[in-house]
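Input sequences plus hints: build the corresponding full structure.
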Amino acid sequence: MKLILAVLTYLLVFQISSNSQTNDDCLMCHSDPEMTMEKGRKKISLWLDNSKFIFSAHKKLNCISCHKGFNPDDIPHKAKIEPVDCKSCHKGVEKKHTFHPWMSNAPLQDNCKNCHGYHDVSAVKSKNSNLSGVNAINNCGTCHTEIKNEYIKSEHFKALQNINSENAPDCNYCHKHQITEGWITDYKTRKNNQNDVCIHCHNTNTDNPDVIKKVSNEHSRHAGLRIKGKEHAAVCTDCHGFHNIRKNEDTEARLNPKNSFSYCGKCHVHIAQEYQNSIHGTAQLKGNTNAAGCTSCHFEHGGKNLQITDEVYKNNFLSKEFSEKSGIVNCISCHTDESNFEKNKFITLTDAHDWLPRLKEHFASVSCYDCHSSYTEPYLSHNILPLNKSVKDCQGCHSKSVELKSILFNYQKNESVSQSGIIKGNTKGNSNYIGITKNIILDYLSLIFLGLLVTGILIHSYVRWYFNKAKVKK
Amino acid sequence: MKKITIYPLWTRIWHIINGLLFLLLLLSGTSLHFGLLSLNFSLKLHIFSGISITIAYLIFFAANILSGNIRHYFAKHEHFFKHLKAEYKYYLWNIFLKQRTQNNPEKNKFSIVRQIINAKLMYFVLPLMILTGILMLVPDVIDKSFFQVSDIWVISLTHTIFGYILTIFFILHLYLGTTGKKVS
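Heads up: the sequence lines are chains G and D, in that order. Our numbering numbers the first residue of the first sequence as 5 and each following residue consecutively. Our numbering numbers the first residue of the second sequence as 31 and each following residue consecutively.
Treat each hint with caution, since some may be false.
[Stated by the list, open to error] Taking lysine-lysine pairs in the PhoX-like style, the calculated list, with each CA pair at most 25 Å apart, reads: (1) Lys129/G x Lys180/G; (2) Lys318/G x Lys349/G; (3) Lys162/G x Lys217/G; (4) Lys119/D x Lys473/G; (5) Lys428/G x Lys74/D; (6) Lys43/G x Lys84/G; (7) Lys218/G x Lys232/G; (8) Lys74/D x Lys442/G; (9) Lys117/G x Lys95/G.
[What the hints assert, rightly or not] Just a few of them, taken from the derived set where beta-carbon distance is under 10 Å, the chain D residues facing chain G: (10) Lys74; (11) Asp170; (12) Ile198; (13) Ile201; (14) Thr208.
For the record, the hints were derived by calculation from the structure and aren't laboratory data. Glycine included, every Cβ here is placed at the ideal spot set by N, Cα and C.
Listed below in structure tokens is the structure:
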């Protein structure tokens with residue numbers, strides 16, 4: 005009986021002493037910065053910086069809440085010291101961290117503390133958190149070094165540094181959503197999510213004052229295709245990239261004219277091939293960064309506010325209505341910009357087309373690329389030709405319709421008369437008679453009729469011959 | 031047998047010239063339309079033949095009135111439909127039996143069918159061919175908005191269609207020429 009009482013008393017005393025172990029008790033020793041222990045050949049610090057701990061998310065917890073099974077009287081306090089198991093309190097960790105899919109099965113020493121920190125652990129939403137703002141970049145970047153190196157060159161990082169607020173995206177801002185394969189393997193949903201994460205901030209209705217570029221799905225051709233169910237149509241990240249997002253003006257930006265064809269060309273393969281052979285593409289490859297790239301002409305998020313004045317249209321005999329309708333405003337904006345004349349050795353539109361009659365009429369009906377892109381397969385109008393190789397196929401164009409045939413016929417007649425006089429000019433064989441009388445239905449009808457006529461004559465002749473023969477026999 | 035001169039000498043000369051010029055126009059026109067020979071050669075030949083046939087037509091037109099020969103083109107026939115029916119019967123059947131036509135050349139130079147065809151050709155189709163040809167030669171004289179659509183296209187198409195009609199006539203004319211006892 006005495007023995008039982010002694011054991012119970014010992015256990016009670018021990019438990020009370022254990023449960024009553026306060027942080028102050030621990031800190032009596034562990035507040036010494038020089039306190040270390042040997043583990044194998046490693047010297048491990050046993051110091052707890054209480055100045056950080058008291059601001060941590062765990063400040064209300066006792067040391068023994070995490071460091072379980074420690075006996076303060078034993079040195080070391082536990083025969084085999086195991087890493088703290090955060091998951092004993094933080095349930096459902098896997099669901100929150102599936103962008104790190106390996107985490108659910110990771111050994112304890114490789115998980116939480118590596119990202120969330122040790123005794124200075126903060127709530128993720130806290131500005132002091134290792135996983136918030138610039139801290140997150142450095143923290144995540146310890147493993148994801150390449151991504152960090154890309155990200156720190158991005159516009160998002162600049163914004164993060166400047167405002168370091170919830171208005172600028174850090175790692176978690178995007179990665180808390182289901183945007184990576186770790187989260188979700190369904191391609192369509194993942195791409196839609198990637199798009200939505202960007203659009204969440206960059207939409208035209210956003211209240212975020214720090215968002216510079218605001219776009220609308222309604223004005224995006226790719227978004228329009230996605231809405232129609234084309235799941236392979238590009239989302240924001242396909243063009244702008246993921247971590248290294250820069251302004252298009254930045255020469256390193258994916259969508260800078262200098263680089264755009266490489267990225268647009270991933271989907272638009274044949275167009276990119278044509279572009280590479282074009283005067284713009286070859287100039288870019290030679291290092292002329294002023295040469296037009298995909299994004300110089302194609303504005304995915306709606307029309308760029310091009311500065312083409314009515315005077316420019318008038319001075320160059322251009323039709324504003326046709327130019328806007330046919331999309332050649334992009335060509336005009338560069339090729340009428342006087343600053344480009346010297347820099348890029350441009351000549352005025354009127355000088356470049358001094359051979360072309362009725363400039364105003366042509367500029368009101370023919371697009372730049374109708375003549376300035378090569379007529380070789382696959383006919384995608386992106387192989388813009390240099391001036392001396394541009395197509396001057398008057399006959400080709402003017403044979404496409406009766407109206408055009410007539411215009412060329414009349415023009416050539418007038419030119420001929422003005423050069424050679426009325427008689428010689430009108431009788432010279434330089435007018436396009438061939439084609440103007442052409443009418444495929446009429447041609448076929450005439451051949452059929454001629455065939456019938458000849459057949460009829462042959463039959464008639466035969467009958468005549470037959471009767472004549474019969475008459476002679478009589 | 032009494033020899034009846036149906037066609038005076040000037041008509042015969044004009045007829046031969048007109049036929050030869052039409053042949054040249056047909057060949058050069060076909061070449062222009064289908065691009066068979068050199069454009070320059072075909073066009074020059076077509077223009078030369080066209081101007082020549084126009085002059086020949088003007089001479090014919092004037093001489094036909096002055097000589098009174100025009101009356102044969104617009105002569106009135108007694109029992110028109112009866113004779114018309116008989117002529118069709120001739121061309122479709124009696125011609126094989128080597129029967130003579132119902133027409134009396136002393137009374138009417140042209141039979142009814144030939145009169146209708148000749149009158150239409152000489153006073154409608156050929157003048158229209160000449161007119162459209164001149165308009166194609168000198169297109170500036172056309173009021174650009176006359177046909178609403180492309181004027182030169184309407185003109186050239188009319189020229190082509192009537193060219194086909196004249197060609198059919200030309201072929202039939204040559205063939206029917208072989209149905210008599212002598213070509214002349």
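Looking back at the numbered hints, which does the structure fail to meet, lowest number first? Nothing - there is no hint that the structure violates, so all of them hold.
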